[in-house]
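Engineer: Sequence:
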Amino acid sequence: MNVRYTLLCASVLALGAQTFAHSQTPSDNNIRMNQIQVIGSHNSYHAGIAPSESKLMSENNPKLYQGFEYRHRPLDQQLNSGIRQIELDIYADTKGGLYAHPSGPTNVAAAGLPADPDFDPQGRMSKPGFKVMHVQDFDYRSTCQPFIACLQIVRTWSKAHPQHVPVYILLETKQSDLPEKYHATPIEKFTSATFDALDAEIRSVFSPKEIITPDQVRGKHKTLEEAVLQNQWPTLKKARGKVVFLMDQRPVGPVYLEGHDGLHGRIIFTNAVPGQPDCAFTEENDGTQETIAALVRKGYIVRTRTDADTKEARTGDTTRRETALTSGAQLLSTDYPASEPSTWTSYSVSLPDNAIARCNPINAPTECSNSALNSANGN
Numbered sequence: 002m003n004v005r006y007t008l009l010c011a012s013v014l015a016l017g018a019q020t021f022a023h024s025q026t027p028s029d030n031n032i033r034m035n036q037i038q039v040i041g042s043h044n045s046y047h048a049g050i051a052p053s054e055s056k057l058m059s060e061n062n063p064k065l066y067q068g069f070e071y072r073h074r075p076l077d078q079q080l081n082s083g084i085r086q087i088e089l090d091i092y093a094d095t096k097g098g099l100y101a102h103p104s105g106p107t108n109v110a111a112a113g114l115p116a117d118p119d120f121d122p123q124g125r126m127s128k129p130g131f132k133v134m135h136v137q138d139f140d141y142r143s144t145c146q147p148f149i150a151c152l153q154i155v156r157t158w159s160k161a162h163p164q165h166v167p168v169y170i171l172l173e174t175k176q177s178d179l180p181e182k183y184h185a186t187p188i189e190k191f192t193s194a195t196f197d198a199l200d201a202e203i204r205s206v207f208s209p210k211e212i213i214t215p216d217q218v219r220g221k222h223k224t225l226e227e228a229v230l231q232n233q234w235p236t237l238k239k240a241r242g243k244v245v246f247l248m249d250q251r252p253v254g255p256v257y258l259e260g261h262d263g264l265h266g267r268i269i270f271t272n273a274v275p276g277q278p279d280c281a282f283t284e285e286n287d288g289t290q291e292t293i294a295a296l297v298r299k300g301y302i303v304r305t306r307t308d309a310d311t312k313e314a315r316t317g318d319t320t321r322r323e324t325a326l327t328s329g330a331q332l333l334s335t336d337y338p339a340s341e342p343s344t345w346t347s348y349s350v351s352l353p354d355n356a357i358a359r360c361n362p363i364n365a366p367t368e369c370s371n372s373a374l375n376s377a378n379g380n
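In our numbering, the protein residues as written are 2 to 380.
Because the hints were derived from the structure by calculation, they are not lab data. This structure is a prediction, so every number in the text was calculated from the model and none was measured. Check the hints yourself; a few may be wrong.
[Unchecked claim] For lysine-lysine, the following DSS-like pairs were computed, each having C-alpha atoms within a straight-line distance of at most 30 Å:
#, residue 1, residue 2
1, LYS299, LYS221
2, LYS160, LYS182
3, LYS221, LYS210
4, LYS56, LYS238
5, LYS238, LYS210
6, LYS238, LYS299
7, LYS239, LYS299
8, LYS96, LYS221
9, LYS221, LYS238
10, LYS160, LYS223
11, LYS312, LYS182
12, LYS64, LYS210
13, LYS239, LYS223
14, LYS96, LYS128
15, LYS190, LYS64
16, LYS128, LYS182
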């Protein structure tokens with residue numbers, strides 16, 4: 002009886018070891034998170050402009066409207082389809098209500114057009130906290146609201162798929178008012194205190210063990226940049242199931258660094274200039290293949306765009322897409338992932354074989370295997 006029990010326990014342990022080995026592939030121990038490539042969505046929250054407001058904008062400013070004429074599915078659906086980098090545009094709203102009454106409905110009524118659906122039936126815009134939208138007053142409908150709700154959607158998905166490769170959350174902090182001719186709501190500027198509140202809001206959703214932070218990557222190195230130039234990004238074994246926060250706007254970086262030299266104690270990686278002590282992530286949205294590849298070889302994580310302003314989607318031109326794919330940029334951001342192709346042409350963006358992640362064409366080690374990389378549960 003004891004022998005049979007011992008054999009049963011051994012079988013269970015062996016099965017568990019096999020399951021773990023499947024979810025943590027051999028490559029995970031040797032491949033670092035900056036040595037793979039994934040697809041991201043641009044303005045991932047974007048729900049599009051409502052019908053009557055679309056009519057007004059297309060008539061009054063057709064060129065501007067063309068650039069706004071795209072929309073995305075809810076965040077969890079995008080993640081299910083393979084997106085591993087999302088982008089959220091955030092507005093500070095410390096007191097609440099600053100963006101609760103956009104001019105769009107008033108303009109629609111004045112034009113005698115049918116009223117569009119209420120964009121905030123639950124009154125979330127009246128409460129304090131960061132809000133998510135593209136342009137106040139004109140392009141303000143989001144699939145998730147407020148910011149903390151967007152984070153909760155990502156965390157819920159992440160917990161349900163604990164072996165996913167890192168999910169990058171790119172944050173664009175809106176800083177500039179619109180020209181006076183638009184009579185738009187003046188925005189609340191981001192200060193060091195605002196960023197403290199932003200970090201706190203992120204920490205209220207994600208625990209420390211669920212986030213890859215600048216402090217973790219820096220380790221014992223003098224600067225964050227020194228660490229990444231010495232190949233100190235976490236391995237996939239340590240990075241799976243976690244999220245990474247990145248800052249889109251470079252000019253606001255110094256404000257975020259106030260009181261936190263080198264990003265000590267901060268959550269978000271700044272979009273920094275190579276050569277600066279806080280540079281681990283940088284954007285090259287219009288960079289050449291050669292420029293991006295050189296940065297990737299050095300150890301930086303790079304985000305680039307495969308299309309913009311619906312231009313490629315309307316013409317079907319894939320030049321920019323192919324340049325981005327071969328550049329080695331780890332994050333390839335598009336308005337048209339494979340699950341949301343252009344309605345004008347067949348244009349869309351995906352990795353070969355519709356993989357969720359692939360070995361980086363520039364800096365992946367020779368032992369990296371695309372099949373092994375994508376074999377982990379919930380990759």
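Engineer: State for each hint whether it applies.
Structural biologist: Quick rundown of the hints versus the structure:
| no. | hint | in the structure |
| --- | --- | --- |
| 1 | LYS299 with LYS221 | holds (19 Å) |
| 2 | LYS160 with LYS182 | violated (46 Å) |
| 3 | LYS221 with LYS210 | holds (19 Å) |
| 4 | LYS56 with LYS238 | violated (50 Å) |
| 5 | LYS238 with LYS210 | holds (13 Å) |
| 6 | LYS238 with LYS299 | holds (22 Å) |
| 7 | LYS239 with LYS299 | holds (21 Å) |
| 8 | LYS96 with LYS221 | violated (40 Å) |
| 9 | LYS221 with LYS238 | holds (20 Å) |
| 10 | LYS160 with LYS223 | violated (33 Å) |
| 11 | LYS312 with LYS182 | holds (26 Å) |
| 12 | LYS64 with LYS210 | violated (45 Å) |
| 13 | LYS239 with LYS223 | holds (22 Å) |
| 14 | LYS96 with LYS128 | holds (7 Å) |
| 15 | LYS190 with LYS64 | holds (28 Å) |
| 16 | LYS128 with LYS182 | holds (28 Å) |
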